[in-house]
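K.L.:
One-letter residues, chain by chain:
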Amino acid sequence: MNRNNPASLRPASKSPLGDFRRRSPDRARRVSDGQLSPSLTRRALMALCLIGISFAPAAVHAQTPDIVYEKLPPAPKWVDGYRLRYAIRLVGDPVKDPAKTALIRLPAAGWLKPDASDVVVQNAAGQVFPVAVLSHQPAGDTIVQFKRTGSERWYWIYASGNKPPPGKAEPMPEGLTMEVREWAGDDLKSWAAVRAGLQKSENVIGNGIVQEVVQTCNPARPDQPRKFAASYRGYLNIKKPGIYRFFANGDDATFLFIDGFKVQDKPGVNNRVGGSVPLRSVGTDVNLTAGVHPFEVHNVVGTNPQSLGVMLLMWVKPGDKSWSPVRYTEMVQGMFGHVASLECASGEAPAILFGLEDSLISGGMQVYLTRFEAVGVVKNPDKLEWDFGDGSKAKGRSVSHVYCKAGTYNVTLKPGDGSPPSRRAVHVWPAPGQSSPLSLEQAVKTLAGSDWKSQDVQRLSTMFEFLLACEQPNRWPLLEGVARHLLAQADLEPKTRALAYISLMEALAEQGKAQDGLKQLDPALKFFARLPTLQVGIKLMAGDIHGRFLKDLKQAARIYQGIIDDHRRTEHPDVRVAAIRLGDLQTEAGNLTRAAEAYRLANTLGGDKFQTTAGTDAVARGALLRIAEQKLRKGDIRQSRQLLDKIELEYPEQKLEGLYRYLRAESDRFSGRYEEAVRNYEVLLQLVQWAGFRDRASHGIADCFYRMGELEKSLRWYNILKKTHPAYFEKQKLDEYQKFLQARLTGFYAKDKDAPLRPVAINFEPDEKSPLKKLPNFSIVPGLSMNGPHQVLLDGFPAYRAYLDFDFPMPSIVGDGYYLLEIWYREQLCSKPENPHIHMWIMGPKNESNPEGSQGTAYFDRTDGQWRKFSFRIKAPLTQEGKFVVSVRHIYGVMEFDGLRITPITARQVDSLNAFIEGVENQ
Amino acid sequence: MSRRRLSSAIIVVALAWLGLAPPGQAKTILITDEESDQMAAISGDAPRLSWAGMESVPGVWNIFYLELYPNRALLIRFPLDKIPKRQRVTKAEVIVPVDYVYPANEPRLYVRRLLAEWGPGVCHLYRMTSPKPVEWKVPGAKGSGSDRIAKPQVLKPVTGETIINVTEDVELWYSGVVRNHGWMLSNEDSGLIRMGSWAFGGRGRWKLRITYEPE
Chain A
1 MNRNNPASLR PASKSPLGDF RRRSPDRARR VSDGQLSPSL TRRALMALCL
51 IGISFAPAAV HAQTPDIVYE KLPPAPKWVD GYRLRYAIRL VGDPVKDPAK
101 TALIRLPAAG WLKPDASDVV VQNAAGQVFP VAVLSHQPAG DTIVQFKRTG
151 SERWYWIYAS GNKPPPGKAE PMPEGLTMEV REWAGDDLKS WAAVRAGLQK
201 SENVIGNGIV QEVVQTCNPA RPDQPRKFAA SYRGYLNIKK PGIYRFFANG
251 DDATFLFIDG FKVQDKPGVN NRVGGSVPLR SVGTDVNLTA GVHPFEVHNV
301 VGTNPQSLGV MLLMWVKPGD KSWSPVRYTE MVQGMFGHVA SLECASGEAP
351 AILFGLEDSL ISGGMQVYLT RFEAVGVVKN PDKLEWDFGD GSKAKGRSVS
401 HVYCKAGTYN VTLKPGDGSP PSRRAVHVWP APGQSSPLSL EQAVKTLAGS
451 DWKSQDVQRL STMFEFLLAC EQPNRWPLLE GVARHLLAQA DLEPKTRALA
501 YISLMEALAE QGKAQDGLKQ LDPALKFFAR LPTLQVGIKL MAGDIHGRFL
551 KDLKQAARIY QGIIDDHRRT EHPDVRVAAI RLGDLQTEAG NLTRAAEAYR
601 LANTLGGDKF QTTAGTDAVA RGALLRIAEQ KLRKGDIRQS RQLLDKIELE
651 YPEQKLEGLY RYLRAESDRF SGRYEEAVRN YEVLLQLVQW AGFRDRASHG
701 IADCFYRMGE LEKSLRWYNI LKKTHPAYFE KQKLDEYQKF LQARLTGFYA
751 KDKDAPLRPV AINFEPDEKS PLKKLPNFSI VPGLSMNGPH QVLLDGFPAY
801 RAYLDFDFPM PSIVGDGYYL LEIWYREQLC SKPENPHIHM WIMGPKNESN
851 PEGSQGTAYF DRTDGQWRKF SFRIKAPLTQ EGKFVVSVRH IYGVMEFDGL
901 RITPITARQV DSLNAFIEGV ENQ
Chain B
1 MSRRRLSSAI IVVALAWLGL APPGQAKTIL ITDEESDQMA AISGDAPRLS
51 WAGMESVPGV WNIFYLELYP NRALLIRFPL DKIPKRQRVT KAEVIVPVDY
101 VYPANEPRLY VRRLLAEWGP GVCHLYRMTS PKPVEWKVPG AKGSGSDRIA
151 KPQVLKPVTG ETIINVTEDV ELWYSGVVRN HGWMLSNEDS GLIRMGSWAF
201 GGRGRWKLRI TYEPE
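Protein chains in written order, with the numbering used here: chain A, 1 to 923; chain B, 1 to 215.
By construction, these hints were calculated from the structure, which means they are not laboratory data. A portion of the hints provided could be inaccurate.
The calculated lysine-lysine pairs, modelled on PhoX-like cross-linking and capped at a C-alpha distance of 25 Å, are [unchecked claim]:
1) A:K445 to B:K151
2) A:K634 to B:K137
3) B:K137 to A:K453
4) B:K156 to A:K631
5) A:K646 to B:K151
Over the 10 Å line for every Cβ pair with chain B, so calculated as not near, a few chain A residues [unchecked claim]:
6) T177
7) G396
8) K495
9) K526
10) R621
11) F670
12) E768
13) A802
None of the values given here were measured: they were computed from a predicted structure. Ideal placement from N, C-alpha and C gives every residue a C-beta, glycine not left out.
Working from the sequences, and respecting the hints, build out all of it.
P.N.:
And the structure:
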């Protein structure tokens, strides 16, 4: 039902005004008297009601203030002498907040002077004040602090100036900042040695504004828990004077200073203290008066193999009998400033925004999908030039890039007009979370669009390996290009050359150029004349091309037979595969007897390894089949498929057995290989002695057609199943599916078959068309964000925010289908360990859910200001339409969201991802 | 039986024997770790050690076992000069002694042919340190396409003896197309694969079995 179209609510044959038009002569007279008859009154009222009902839903969905988009206020006059201006929005309530200062993390991007002295702040009235620089990372962010003037929410910070600032501001006693350096020292034995090392460790690799001294890893490089130094500077707000016992509990060396005095001196290589310890066995007593006391904590981690980079500032307050963390309420906090925009006085100055999109790790292969956005005002986005720090370059405003190795990269962004470039050191690492099934396709697309030809051998090899493993349909053109590029290298390793030939042949065939693929055969065989085992794989591919693509089964059979004849004495699994393929050709042609012969021949080939199993009796074969069946029932589709591959290779005659065919068909279906599944079910239907499987085979075929979008065929098979196997039909409750398909075919959605397949994208921009109509309790603010100039901002600072919910309708969904939910997020100040998390559901109109998992939950990690994407899969209920529900919970600190995507995905995509991550055993 | 008949019978039998005899006798040889001329155990946790087989206590390494955790690798080279000239390799298998796998069925053995020369002083950081230090392209011999071949053979280790088909690799080395720098075995999943050490319990249990026949 389309609520946006009032006409759809009216009965097709009637208009609410219809009865009015059919006037009786009496009514006509009464109307002319100026009086309405009672019946006319009733009808008028009815008509008005109908009109009201017709338009009411539209009125609800007309533009309402259910979503509030904050706008940038008018800025004061530009301060002369500065190139850049950041608009700053204070988070929280500037009227009630007692903080006198604001702290901001500026993406200063390498534009500032080395001491960051070229920064000032301006309030709405145009007054200009100096700022204190609390931390400066030359290739990253600069943390500044300024004194608030009144209860304004907006300020403007100017940077990159060429005139002296109006005085110098000293840090004010509010806020807690963190700074991380790469530890370049080599001695932790004393504070003097550590201090000397810190002076050598000039490079700041990360900084941030935090709530508490709670460190769960190396904040700048979470995957590198050693060789770093983290320093925290803040202000204790002591309300009750007395003796406090302090302990900074961390790995290796930790030092605590209060009021400038060294209170804790714990040098050397240490492990953090854990478990139950006597109260006074650790820590130092300090007598503190009421008031504000500045403190510093330095944690330096060397090469201690036990280190995790963990550190916590704890204390025992006067009268307490146990240790507790020093909470944010015990410190003097400033207000946190959110950067809303970035402008440039002349030219362009886009800053680099970096997001870690996904990590795809398989065995030793690592592929990191990242996003870069040029944020701020950009006049010529096509002229922006990126250098990713790994030898690759790109152009554009919003780019994806694939890194093949974890590490830190110096990225540069040059505007096209010659303005100074911006720089950022980005750290790429395998962040925790679920990998997305869409990332493989995205990675292929990104690699295809990159300047991969200029890459070194190392990166090309990794790319090649990735393309061979990723199973993505969009990889063929790139794989063709990479294979050709590799083959042009004179010194290419022979096995890689063989693989390159095979890949090139396959890539050409997949792109409809099978004959071109076959042209590679002769040069390849010639090259490997002295290496017959490497020839086998190449010949197999030629046979495959003839069989699968050119449908020349005779030629394919000739090639397979040729492999067997030429390499019968070589003990290589591929020789056995040739015989199995020969059998498959016969099966496809319907010659089951000949197929059996070929499979029996296969049994004798391949080497001793298979000889031992050929002699094994049916018990072992049956056991393997049973295990494969159990894995399938448990949902371990990958493991089931691997076992079936093993059975196929070791006992090829099983391919004509009904149980094998059924398991193969089922595993094909659950892994999204619907065409292969249908073929296997059809073979099963032909096997007379396996008639007992016909009900399941028919069900499988019906389901495959539904998943392939062929609804009429699916419904036909369900109808056949109901007639031929009514008991099975009833037991499996398939009438739900039958009714669902009937509704789908005859209802509104018959007109727009692709509607369920369209992804939903919400970027929280005011001018976008999205199903999102209400967003209570969320602020949409301007910001430097991943998808456009607006983003969601949740301020759980200083007060915690509990349950923040919203939902929107999804008028057309893939019933019982998989969806991928993705969202970009980052957090700052979120140091309380209260498990902030998000739930997402797809529900039916009556809140139905799918018992196989309609809910997804993700726990937010600390990102310390880095954008990260998380994704998870859920299953939609078996309904035509649904609604999407989100609940964000337990927010402390400041959380930002952008780029919500809900995308229908296929089982094939999920299986490809699982195959990639788990890898394949190829022996 | 007349003489003529006997001669004919002998000729027929001889011809039949010749017809049935294999077209060149295949031979199988066994090369063990005791004949290996290069072996090492490297680890990212002991980046300068060549014998980082097992960390008995933190920071103390020995070769009592060869424990394959992630970020460790075993390197071994078997010389092939025992194979006579003008032969065709029809089968080659490396047999490795696996004593323990934990968790069962989880870690997999990754086997790759090494592409770069390595030698004295080999460790996680360097492929040799004498006559002068030469680094791996990527520490841990992880340079794909430079230190080692890109695509590994991956298999589940079997306690007792794990057999790895290496026919292609041995054929490549024997043909002289590429130099024999041996193999690298690693565990890139999680868990532990403990293997018999060349110096202790695994001595003589590492084997390369090659079958060849005349060309």
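K.L.:
Determine for every hint whether it applies to the structure shown.
P.N.:
Each hint tested on the structure:
With a CA separation close to 22 Å, the supplied pair A:K445 and B:K151 stays within the 25 Å bound. Only pairs whose Cα atoms come within 25 Å are accepted, and A:K634 paired with B:K137 is rejected, the gap being roughly 43 Å. With a C-alpha separation of about 20 Å, the suggested pairing of B:K137 with A:K453 holds against the 25 Å cut-off. A threshold of 25 Å between alpha carbons decides the hint, and for B:K156 with A:K631 the separation of about 18 Å falls inside it, so the pair holds.
Straight-line distance between C-alpha atoms of A:K646 and B:K151 comes to about 20 Å, which keeps the hinted pair within the 25 Å bound. The Cβ of A:T177 sits about 33 Å from the closest Cβ of chain B, beyond the 10 Å cut-off, so the non-interface label holds. The beta carbon of A:G396 is kept farther than 10 Å from every beta carbon of chain B, the shortest such distance being approximately 29 Å. Remark: the non-interface label on A:K495 conflicts with the geometry, its nearest Cβ contact in chain B lying 6 Å away (cut-off 10 Å).
Here A:K526 stays apart from chain B, with its beta-carbon at least about 14 Å from theirs, past the 10 Å limit. Every C-beta of chain B lies more than 10 Å from that of A:R621, the closest at about 19 Å, which supports listing it as non-interface. The non-interface label for A:F670 is consistent with chain B: the shortest C-beta to C-beta separation is roughly 21 Å, beyond 10 Å. Listed as outside the interface, A:E768 is consistent with that label: its C-beta sits roughly 42 Å from the nearest C-beta of chain B, beyond the 10 Å cut-off.
With a minimum CB-CB distance of about 37 Å to chain B, A:A802 clears the 10 Å threshold, and the non-interface call stands.
The structure does not agree with the numbered hints 2 and 8 stated previously, though it agrees with the rest.
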